[in-house]
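Protein chains: 2
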Amino acid sequence: MATVAVQSFVSAPLRIPKIAQFKIGICQLKVTTEKSANILNARNLIQAAAEQGASLILLPEMWNCPYSTNLFAKFAEDFSDIDSAPSLLMLSEVASSLGVTIIGGSIPEKDAGQLYNSCPVFGPNGELKAKHRKIHLFDMGKPFPGEVQFKESDNISAGEKPTVVDTDFGRIGIGICHDIRFPELAMTYSARGAHLICYPGAFNMSTGATLWELEQRTRAVDNQLYVASCSPSRDSAGSYMIWGHSTVVGPMGEIIATTGHEEAVLIAEIDYAAIQWTRESLPLESQKHDDIYQFVDLLRESPNS
Amino acid sequence: MATVAVQSFVSAPLRIPKIAQFKIGICQLKVTTEKSANILNARNLIQAAAEQGASLILLPEMWNCPYSTNLFAKFAEDFSDIDSAPSLLMLSEVASSLGVTIIGGSIPEKDAGQLYNSCPVFGPNGELKAKHRKIHLFDMGKPFPGEVQFKESDNISAGEKPTVVDTDFGRIGIGICHDIRFPELAMTYSARGAHLICYPGAFNMSTGATLWELEQRTRAVDNQLYVASCSPSRDSAGSYMIWGHSTVVGPMGEIIATTGHEEAVLIAEIDYAAIQWTRESLPLESQKHDDIYQFVDLLRESPNS
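For the protein sequence lines, the chains are A and B, in the order given.
The first sequence lines up with residues 1 to 305 when you count with UniProt numbering.
The second sequence lines up with residues 1 to 305 when you count with UniProt numbering.
Quick caveat, the hints were computed from the structure, so don't treat them as lab data.
Bear in mind that the values here come from a model prediction, so they are computed numbers and not experimental data.
Just so it is clear, CB atoms sit at the ideal spot from N, CA and C, and this is done for glycine as well.
Worth double-checking, as some hints may not be accurate.
[Claimed, not checked] Chain A regions said to be covered by chain B (calculated; three or more residues, Cβ under 8 Å):
| id | stretch |
| --- | --- |
| 1 | 155–162 |
| 2 | 179–185 |
| 3 | 207–217 |
| 4 | 235–249 |
| 5 | 276–284 |
| 6 | 293–300 |
When you get a sec, could you build the whole thing from the sequences and use the hints?
Below, the structure is given as structure tokens:
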């Protein structure tokens with residue numbers, strides 16, 4: 001037991017951004033062992049999404065690199081040197097040439113001898129607006145019989161902070177794959193005023209079938225906001241079989257759009273007015289009992305951050 | 001912004017009780033406007049559950065009284081005077097005569113001029129072991145077109161604390177209906193070492209279809225414990241149409257047993273070893289980042305409470 005002093009903030013007020021109705025494009029990319037092919041393919045599908053009217057585009061976890069821990073170092077890029085980072089450079093170029101905002105899934109990031117599983121965010125001028133490093137690494141404990149042991153932290157270092165980014169399309173919180181298993185991260189984003197949480201992720205066949213949709217719907221319902229996920233497509237020949245099923249969920253837990261396990265561009269209409277009327281209809285936030293429990297966001301800097 | 005000093009506890013260690021494998025009986029009762037008929041019917045279904053081997057028995061929300069706010073006062077009982085409380089007296093009698101533990105759903109409670117929506121817990125000696133007063137009352141905000149306004153707090157006062165009760169069948173946390181919408185309550189119970197959370201509830205047709213199963217599976221998965229729910233059966237003639245579908249969910253979110261909307265006795269096998277191997281397989285608790293967020297249980301008294 002310890003007594004700790006914490007700053008307690010109320011939730012940031014919901015501000016509806018100027019552009020509250022728009023199309024999101026989810027690129028469920030096929031990932032190969034050829035980095036250059038992955039980059040070209042991603043560019044093509046981003047363009048296809050933009051051509052279908054998407055102005056906010058989401059990519060999957062580890063889209064430039066197969067999900068094999070021994071390949072992360074080889075495929076990693078330095079986020080502080082974009083001109084030498086082919087994946088990031090493409091995202092910057094395509095964001096500005098199409099005038100779209102890109103939540104860039106994740107790629108391996110190298111920084112000071114460490115590797116991270118990191119999501120870059122590019123604005124429509126091509127600038128790197130934010131970066132989220134996966135906080136909760138997927139470390140299995142004792143595997144079930146027949147299950148393959150997997151410990152992401154053997155190769156990857158953990159991010160140390162939540163990431164919200166203000167875009168033309170609202171305030172967006174980012175979580176990568178296993179980050180979705182922690183209600184605390186979604187609560188953090190909700191309290192900071194997020195409209196949408198984007199989860200690039202690559203769930204496997206077992207947790208994919210049982211938990212992928214459940215977790216997305218739950219985070220949306222419990223926090224009364226939008227959730228969008230983007231998985232790589234399934235590669236039946238790969239060593240790590242991916243579930244796929246990228247999805248967009250509305251603030252009442254309704255599935256707005258979803259897809260199977262093949263490569264796909266998924267387009268969904270988002271309207272943040274739905275957040276407002278969902279919260280007006282059932283004001284969960286004001287029904288919480290802060291005399292009984294409190295959730296503390298230790299790194300929040302101010303009531304409006 | 002305020003700076004508050006809080007006591008920070010780690011989660012209570014999981015203790016597997018002596019009886020870790022047992023059958024739970026869920027009595028999805030039909031509720032009528034006749035209190036005496038409701039009591040007799042409940043007794044019969046409790047007995048039926050016990051005859052099928054259930055040693056822990058769960059009843060629905062408001063099982064002695066239709067869910068009509070104008071009836072609550074008439075049907076209410078005083079928990080401090082069981083000899084004058086027919087519903088409680090029956091539960092005490094049947095618990096001791098059958099030697100079962102009963103999580104008694106809820107009935108209207110009267111205390112000092114207030115009404116509560118309260119769950120009584122009876123041990124196998126017939127003693128009232130605990131009482132949970134519904135904390136989160138179902139107060140709708142602005143109804144959707146066609147929706148009926150509903151404000152439970154017009155008639156009912158809110159409970160002021162979480163309830164965990166140590167039984168022969170483990171440590172049990174209790175939430176009533178709308179309590180399930182708040183992840184914080186389930187997190188409280190999990191941190192206090194609960195094996196099972198029981199949610200008596202009477203979701204309506206709309207949130208029943210969309211959220212009832214989702215919320216139960218989520219609370220189980222996010223906290224890696226068992227969840228059991230018990231609804232009244234549907235009464236197509238009633239003014240408040242109830243979803244039904246009482247369910248038992250395991251710590252990986254798997255549905256162990258469920259039913260439709262008719263009156264039913266549902267029997268499910270519980271084995272707390274599943275909690276242990278779920279947590280060993282994926283130790284979510286130790287993967288939380290208490291340098292980023294903390295959940296504070298303000299009323300917890302000690303690391304073991």
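Here is how each hint holds up against the structure:
Figure legend: the stretch 155–162 of chain A, annotated as covered by chain B; annotation consistent (4 residues with Cβ-Cβ distances under 8 Å, at least 3 required). Coverage of the stretch 179–185 of chain A by chain B holds in this model, with 5 residues showing a Cβ closer than 8 Å to a Cβ of that chain against a need of three. A count of 5 residues in the stretch 207–217 of chain A with a Cβ less than 8 Å from any Cβ of chain B is obtained; the coverage claim is therefore met, three being the minimum. For a cut-off of 8 Å, the count of residues in the stretch 235–249 of chain A with a CB near a CB of chain B stands at 0, and the three-residue condition is violated.
Residues of the stretch 276–284 of chain A lying with their CB closer than 8 Å to a CB of chain B number 7, which satisfies the three-residue condition for coverage. Evaluation of the coverage hint for the stretch 293–300 of chain A: fulfilled, as 7 residues show C-beta separations to chain B shorter than 8 Å, against a requirement of three.
Of the numbered hints listed earlier, the single one contradicted by the structure is hint 4.
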